[in-house]
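Listed in order, the protein sequences are those of chains A and B.
Here the first sequence is numbered in the numbering used here, starting from 1 and rising by one per residue.
Here the second sequence is numbered in the numbering used here, starting from 1 and rising by one per residue.
The hints are simulated quantities; they were obtained by calculation from the structure and are not laboratory data.
Heads up, some of the hints might be wrong.
Said to hold, decoys possible - Which bits of chain B does chain A cover? Going by a derived footprint, with three or more residues having C-beta under 8 Å, they are: (1) 92 to 103; (2) 306 to 316; (3) 374 to 382.
Positions of the beta carbon are idealized from the N, C-alpha and C atoms, including for glycine.
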Amino acid sequence: MLNKFISQSSLVIALIVGASTSAHAILPIEKLDFFKGAQAYLVQTKALPMVDIEISIDAGDRYDSGVKSGLATMAGQLMNYGAKSDQGLLNEAQIADEIADLGANLGISVSGERAVMRIRTLSRKDLRDRAVQLASAMLSAPTYDAKILAREKQRMTTALLESETKPESVLDRRFRKSVYGNYPLANSPTVKSIANIGANDLQQFHKQFYRGDRMTVSIVGDVSKAEAAEIVQGLLQRVPQSGSPVPKLPEFERSPVEPLSQREVSIPFDSQQAHITMGMTAINRNNPDFFPLLVGNYILGGGGFVSRLMSEVREKRGLAYSVFSYFAPGKDAGIFQAGLQTKNDQATLALEVMSSTIAQFIADGPTQGELEAAKANLINGYPLRIDNNRKLLDNVSSIAWNNLPLDTMEIWTKQVEAVNLEQVKAAFQKYLAMDRMKIVVLGAKNK
Amino acid sequence: MRSTLFSFSLYLVLSCSAAFAAPEVGQANTHEFQLSNGLKLIVREDHRAPTVAHMVWYRAGSIDEVNGKTGVAHVLEHMMFKGTHKVKSGEFSRLVAAVGGRENAFTSRDYTAYFQQVEKSKLDEVMRLEADRMSNLNFDDAEFLKEIQVVMEERRLRTEDNPSSLLDEALTATAYMSSPYRYPVVGWMNDLVNMKAIDARDWYRSWYKPNNATVVIAGDVDPQVILRAVEKYYGVASARELPERKPQIEPMQKGTKRVQVKAPADSAQLAMAWKVPKLEVGRLDDNEPYALELLSAVLDGYDNARLNRILVKEERVVNDVGVGYDMISRGPELFFISSSMAKGKTVEQAESSIRKALKEVVDKGILESELKRVKVRILSDQIYKRDSIFGQAMEIGSTEMAGFSWKDIDVMLEKMQTITPAQVQAVAKKYLVDEGLTIAVLDPQARQSGESKQGGNRDAK
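Next comes chain A alone, as it looks inside the complex (with noise of 0.2 Å):
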């Protein structure tokens, strides 16, 4: 049982870099070829004999539209469950047994913006080339039977009827649908948009955004630049190039202001517990103030235990285990959000000290001294940010997703270092605003 709850502390997504006393020199991003479109890189790390590969492709929940919500995530876990390959048809079974059998784990995700294939094999190559294939098959050709996907309809239809009971997940999707507007990610799966999904759609899915020009890979381990080539060239073999053309998202637009009772929303929920939330639109990765709100959100909430909102909503006044705030800058669209849970009876005060504590920071900043700590935290933490495979494969596949610099890893402390008070005062007001805010309250009515 923790007694700290870690919170999703900011910008983590990001990557680190630095530093400075040790004898151990950043290991470099090397690129590797395109090959069907697809851009790949690689670090090379040979202290085990393993491999971490990764392949993120452009077709997250953001591309469902709100009739079928629930279609990206689909098409990406239905890969698990059947696909031709160059031996002929494998099912579900089979491809457990071989995933299995290789001791290799494999898996799909879909996020908002990208679906993302990950493979851990031990690197000897017998071992490391039927993981390739493998998923090959399944990146190229999943068969999306209909009979599963009727079991998996349902599955994700009782798993949906079970998150509306929860309260984190009612305030999550609540949530989701103020702060994204018009953006797609305001929708939401719903038993309908589910029911609506077809097989045909997901071939269809499949068809449009798995294809190499959507595609990146990166490969982290015991593995050499030209075994690495090989992996990439294993894996896309099959895969298209390019296809039709994608229809362009809608704007992601900035949060209005608005009057307070436009912006709150309350949602009576029989818990013991309120759970609140405010946040609103904010930045993407690529943000040249990308730095002074990471800094800054690590001073607001982003600090564990040495954050403002953990001293003043837990430290001093004992109301709630968890408070946090976070930036989450995607590729094309990020948001800013802060939350906690206490009981019913005090709800009304933690959103006081919430809001008040967020407020004072946007209005005056942060001290010199909090800056000083912040700015030594994140330098001197730099390496426990980049060391191990798991850890590195987070980095690479950030720098690759959002299209940053090679040398990220390596500038990435000398960034944090030439932030100044200034700054993280500037952006702050500059992205942030209370009156933009929007803010959810679930839990039972007090008095």
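Using the hints provided, position chain B relative to the given structure of chain A.
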């Protein structure tokens, strides 16, 4: 010794011709020391990156609690951040943050542990802080009164508003009649309401002694340098006699127990738990715990494992299913299967499907190929596990707390590879019987929500 055997068995299991070199790890890279005050130190060298995980493990968890004061081990864990004679409340975290560290703590049934992860040159700094609070904790009553509110919020968040946790809590409290494993680690709410600062202080005075602690350090370190630092910082604490631990042996169960929990949810859930043996210290040759571990993997160790294949994919009677068994622990063990119902299916149907799948194992045994598959997983995980310095320290610490040595980990893995299908069949037959079974059912209640009425999500029902 270990790497040789290890690479040999992986070679055997994967049965392939290409040469395979197991990574160098194991006994040569791990060092154990004992200070004169009884503190044990274990250092795992891993020079892949310039970072280090520093942990102190106290052998005091909820298994050491008594009724009326449940949750006190976890409450004290919270209070450990509330200051010492030299470091005032909140400073601990601030100082760790200043050196770029990550820190946290966790309490389980068997132990309470604290950790920091830092760049290697900052190790001394966090060690000094951690050693200080081993002996000099000093919090005031006002801090306690605020923090106990935080712990109650934690319980509301994790348990009171979470039907799966409520079910798990009821299952455990029903399965165990006498063992303190029946208490939730976070404590009963009423015990938290009535807890006093003195209860936490007593707990600290009783159990937080060097002779009840193990320091585990993993990462880019030199063991001799580490030993000197640990002697300097932790060596000043003095050993003291620990309170007597009563055995509190769980009486033999004599028939099926059932419990029902009504809580807001949409689907019913079913959890079945059998009393089974665990691995006993000094008896590493006992086949049964390994066979039970492998049984759980054959039932639930990969996507096409038996229960998922039969219950979720073929019969579609449950939405998901999971199996749990942990062969090492201080207290008695359960082998449990939990599941949530598929739409329109009843817990009776799920129970009957689970029983049928288990009977299949009991009557016909398992395939050599199934067993081989889950053994490969165990071996490859040994390599993947070394990707994380933190994970290595966790494994060493939790093994030590259960009373075993970190050296036993390799012995256990080797033993696991020798288990046969017949031995797996035998434990299923011997232990998954009604006499030792507890069944818990979550009976879902409608949750009052303003959202679902307007959400339109229920129109398919």
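Comparing the hints with the structure gives:
Using a Cβ-Cβ cut-off of 8 Å, 9 residues of the stretch 92 to 103 of chain B lie near chain A, which meets the minimum of three, so the contact claim holds. Given a C-beta distance limit of less than 8 Å, the hint that chain A covers the stretch 306 to 316 of chain B holds, as 4 residues qualify and 3 suffice. Three residues within the 8 Å Cβ limit are the bar, and the stretch 374 to 382 of chain B against chain A gives 6, so the coverage statement holds.
Of the numbered hints stated above, none is contradicted by the structure.
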